[in-house]
Amino acid sequence: MMKQKWTRCFRTQGKRGKKHDPTTDPPRRRGNQRKGKGTMANDRPPVVGTVGRSSGQIRLKVCDNTQQTTIQPQVEASTLPTATVFTDESDAYNRIPASGRERQTVCHSQGEYARDEDGDGFCEVHCNTMEGIWVGLRNFLRPFRGIHKKYLHLYVGMFEWSYNLCWIDFDFLRRLLMPPSTYLPR
Numbered sequence: 072m073m074k075q076k077w078t079r080c081f082r083t084q085g086k087r088g089k090k091h092d093p094t095t096d097p098p099r100r101r102g103n104q105r106k107g108k109g110t111m112a113n114d115r116p117p118v119v120g121t122v123g124r125s126s127g128q129i130r131l132k133v134c135d136n137t138q139q140t141t142i143q144p145q146v147e148a149s150t151l152p153t154a155t156v157f158t159d160e161s162d163a164y165n166r167i168p169a170s171g172r173e174r175q176t177v178c179h180s181q182g183e184y185a186r187d188e189d190g191d192g193f194c195e196v197h198c199n200t201m202e203g204i205w206v207g208l209r210n211f212l213r214p215f216r217g218i219h220k221k222y223l224h225l226y227v228g229m230f231e232w233s234y235n236l237c238w239i240d241f242d243f244l245r246r247l248l249m250p251p252s253t254y255l256p257r
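Per the working numbering, residue 72 is the first one in the sequence shown, and the count goes up by one each step.
One should not assume that every hint holds.
Lysine to aspartate or glutamate pairs mimicking EDC-like chemistry, simulated, CA-CA at most 16 Å apart [to be verified]:
hint	residue 1	residue 2
1	132	231
2	221	114
3	220	135
4	108	135
5	108	159
6	132	147
7	108	160
Calculated directly from the structure, the hints in this document are not laboratory data.
Throw the hints in and build the complete structure from the sequences for me.
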C-alpha cells in the first residue's frame, strides 16, 4: 500500500491540460492573469471568508460570484448580530449595516491598510487577518495544481477544518476519542 499525503483524499487526479511539445511549441504563458473578480462562470470561483477576531475560527465558502446578494447571507450566517465587521471598501459589503452589524472599512485604493482609531498605537481597523488566511489557503492548494471548480469546495472545507483544528486543545480531543464508559484519570 502506498503512502499518500493525508490531504489527498479526493479523486481528482488525472490527465490535465494539453500535451506540450517543447521542440515545436512556443513557451507556455503563465495562466490566469485576467484582471477583475472571478466568478464560477469564468472558471475563477471566489471564496468568501470570515474570521473571528477573538475566537480565531474561520468560515470559508466557495460561491458563484462576489455580488452583494451572494456575500450578504454568508456574512450574516457566520457573524453575530452585534458584531463589528471589518472590510475593505468594496461595494459588496455596503448592506452590512442594514442587518444591524457595524461596519468599519479601510480604503486600500488610498493606500490605507490599517487604522488606529484611538491613538494607542494599536491598529484596530484592518482586514489583514483574513488576507493572511488567503495566503495560507493558496499555499495549501498549491501542491494540488489544477483543482477543478467542481471539487474546490472539498479542498476549501479541508483547509477550514485543519485551520480551525489548531484551536482545539488536548482535553477536547481526549473526550472526543474516548468512549463514555472509559475511565479517564485526571
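Consistency of the hints with the structure:
A distance of roughly 9 Å separates the Cα atoms of residue 132 and residue 231; the hinted pair therefore holds under the 16 Å criterion. Restraint check: the Cα-Cα separation between residue 221 and residue 114 comes to about 10 Å, which is no more than 16 Å; the hinted pair holds. Between residue 220 and residue 135 the alpha-carbon distance is near 10 Å, which keeps this suggested pair within the 16 Å criterion. Distance check on the hinted pair: residue 108 and residue 135 sit about 11 Å apart at the alpha-carbon level, within 16 Å; holds.
Under the criterion of a C-alpha separation no larger than 16 Å, the hint pairing residue 108 with residue 159 is consistent with the structure, at around 15 Å. Only pairs whose Cα atoms come within 16 Å are accepted, and residue 132 paired with residue 147 is accepted, the gap being roughly 13 Å. For the proposed pair residue 108 and residue 160, the alpha carbon gap of about 15 Å is at most 16 Å, so the pair holds.
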